[in-house]
Amino acid sequence: MTAAVVELAQLLLGDALSAYVHRVVDIAARALPEVDAISITLLDDHGRARTAAMSAPLAALLDERQYATGFGPCLHAATTGDTLQVDPHDPAPAYPDFAALARHHGVKATAALALPLPHHVVGALNLYTTTGPLPPATLERAHTFAAFAAVALANAAAHDDSLRMADQLHQALASRAVIDQAKGILMATYGIDGDEAFTRLSQTSQRTNTKLRDVAADLVSRTRTSNPPSP
Amino acid sequence: MFDPHRSWHALSMGTALSGLPLPGLLIRCEGAGGDLTLDRLAALVWSSAPRTALEHDIIAVALNDHLVDDGLNAPVATSSDVATP
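Chains as they are written, first to last, in numbering that gives the first Met the number 0: chain U, 0 to 230; chain L, 0 to 84.
For the record, the hints were derived by calculation from the structure and aren't laboratory data. One thing to keep in mind: the hints can contain errors.
Stated by the list, open to error - The calculated label-pair distances, taken between Cβ atoms and stated as ranges, are:
| id | chain 1 | residue 1 | chain 2 | residue 2 | range |
| --- | --- | --- | --- | --- | --- |
| 1 | L | Trp45 | U | Arg47 | 21 to 29 Å |
| 2 | L | Leu71 | U | His169 | 47 to 55 Å |
| 3 | L | Leu16 | U | Leu172 | 43 to 51 Å |
| 4 | L | Trp45 | U | Met164 | 40 to 48 Å |
| 5 | L | Asp34 | U | Phe70 | 23 to 31 Å |
| 6 | L | Leu37 | U | Ala67 | 30 to 38 Å |
| 7 | L | Leu16 | U | Ala165 | 20 to 28 Å |
| 8 | L | Trp45 | U | Thr130 | 38 to 46 Å |
| 9 | U | Leu12 | L | Leu37 | 22 to 30 Å |
| 10 | U | Gln84 | L | Gly18 | 31 to 39 Å |
| 11 | L | Pro22 | U | Leu12 | 14 to 22 Å |
| 12 | U | Ala91 | L | Pro22 | 42 to 50 Å |
As the list claims (entries may be wrong) - In silico SDA-like links for lysine to any residue, alpha-carbon gap of 25 Å or less:
| id | chain 1 | residue 1 | chain 2 | residue 2 |
| --- | --- | --- | --- | --- |
| 13 | U | Lys107 | L | Leu35 |
| 14 | U | Lys107 | L | Gly18 |
| 15 | U | Lys210 | U | Asn154 |
| 16 | U | Lys210 | L | Ser11 |
| 17 | U | Lys210 | L | Leu35 |
| 18 | U | Lys107 | U | His118 |
Backbone N, C-alpha and C fix where the C-beta goes; we use that ideal spot for every residue, glycine too.
Given the sequences, and given the hints that come with them, work out the whole structure.
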C-alpha cells in the first residue's frame with residue numbers, strides 16, 4: 000500500500016481530470032489485485048454522480064444501474080461518507096435490484112468506500128469481486144487508499160476548475176473587446192452614450208435570439224466592410 | 000418605470016434555469032461588459048435590491064447567451080420588458 004500512496008503523491012496535475020482519475024484507478028487496481036473491478040464515482044456541483052474511471056466494464060455497468068435508479072451502495076457512500084458492503088447472495092440484501100444484477104454477472108461481493116475530505120465527500124471507490132468475499136485486510140487497504148485518493152482527486156478537481164476558469168476568463172476578455180468596439184461604433188454613429196449603445200445591442204440580441212458577442216462581431220464586421228450599421 | 004421586483008424575478012429564474020454558479024455567471028457578466036462584484040451580483044440575483052436597467056441587462060445578456068447554447072430562446076427579459084405594468 001505504501002507504494003500505491005507514493006505513486007498517488009507523484010501523479011502530476013497536468014492532464015485533464017478524466018485522465019488523472021483513470022491513473023488513480025490504475026494505481027488502485029495494482030494495489031488491490033484481488034479485486035476484479037474497481038471504479039470511482041464522482042459527484043458534480045449539482046450532486047449528480049458519474050463513473051469517472053473504471054478498471055473493467057463490469058464496474059461501470061453496475062455503477063450505471065445505480066445512477067439510473069437513483070440509489071445503490073456507491074451513491075450511498077458518495078453522498079453519506081459511509082462504507083457499504085453488499086453481499087449479492089444475501090437473502091435480504093440492502094439493495095435487492097442492485098444485488099440481483101450483481102448476482103447475474105457473477106459478482107460475489109461488493110464494497111463502496113467514501114472518498115472523504117474533512118468537510119465533504121468527493122465520491123466513492125467501488126470494489127467488485129467475482130471470486131469470493133472481500134477479505135477484511137483488503138477492505139482495510141482500500142480504506143487507506145481511499146483516504147489518500149480523496150485528497151489527490153480533490154486537488155486535481157480544484158486544478159481542473161482553475162484551468163476552466165482561466166479559459167472562461169480568456170473568452171470573456173475576447174468577448175468584451177468586440178462588444179466594446181460595437182458600442183463605440185453605435186456611439187459614434189448615433190451620438191448616444193455607452194449605456195444606450197449596450198441597451199440597443201442587448202435588445203437586438205434578445206429579439207434575434209443571437210448571442211450578444213455575435214451581434215457585436217457582426218456589427219464590427221459590417222462596419223469594417225463599410226456597410227452602415229443598423230442596431 | 001423599471002421595476003426591481005420584476006427584475007429580481009426574471010434574473011433569479013434565469014439563474015436557476017441556467018444552473019450557473021455565481022462565479023461562473025460573474026465571468027460571463029464581465030464578458031458582456033459588466034463591472035460587478037460577486038456580492039453585488041448575488042444581491043441583484045437573489046434579492047430585490049435597487050438596481051439600474053444596465054445592471055439588469057448585463058446579467059440578462061450573460062444568462063441568455065448561456066441559455067441559447069442549451070437551445071432555449073433567450074428567456075430572460077431585458078429591462079424594457081420588466082417595467083412597472
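Verification of the hints:
no.: 1; hint: L:Trp45 - U:Arg47: 21 to 29 Å; verdict: holds, 23 Å
no.: 2; hint: L:Leu71 - U:His169: 47 to 55 Å; verdict: violated, 25 Å
no.: 3; hint: L:Leu16 - U:Leu172: 43 to 51 Å; verdict: violated, 26 Å
no.: 4; hint: L:Trp45 - U:Met164: 40 to 48 Å; verdict: violated, 22 Å
no.: 5; hint: L:Asp34 - U:Phe70: 23 to 31 Å; verdict: violated, 46 Å
no.: 6; hint: L:Leu37 - U:Ala67: 30 to 38 Å; verdict: holds, 37 Å
no.: 7; hint: L:Leu16 - U:Ala165: 20 to 28 Å; verdict: holds, 26 Å
no.: 8; hint: L:Trp45 - U:Thr130: 38 to 46 Å; verdict: violated, 54 Å
no.: 9; hint: U:Leu12 - L:Leu37: 22 to 30 Å; verdict: holds, 26 Å
no.: 10; hint: U:Gln84 - L:Gly18: 31 to 39 Å; verdict: holds, 35 Å
no.: 11; hint: L:Pro22 - U:Leu12: 14 to 22 Å; verdict: holds, 21 Å
no.: 12; hint: U:Ala91 - L:Pro22: 42 to 50 Å; verdict: holds, 47 Å
no.: 13; hint: U:Lys107 - L:Leu35; verdict: violated, 57 Å
no.: 14; hint: U:Lys107 - L:Gly18; verdict: violated, 40 Å
no.: 15; hint: U:Lys210 - U:Asn154; verdict: violated, 34 Å
no.: 16; hint: U:Lys210 - L:Ser11; verdict: holds, 20 Å
no.: 17; hint: U:Lys210 - L:Leu35; verdict: holds, 20 Å
no.: 18; hint: U:Lys107 - U:His118; verdict: violated, 33 Å
Checked against the numbered hints above, the structure breaks hints 2, 3, 4, 5, 8, 13, 14, 15 and 18 and satisfies the rest.
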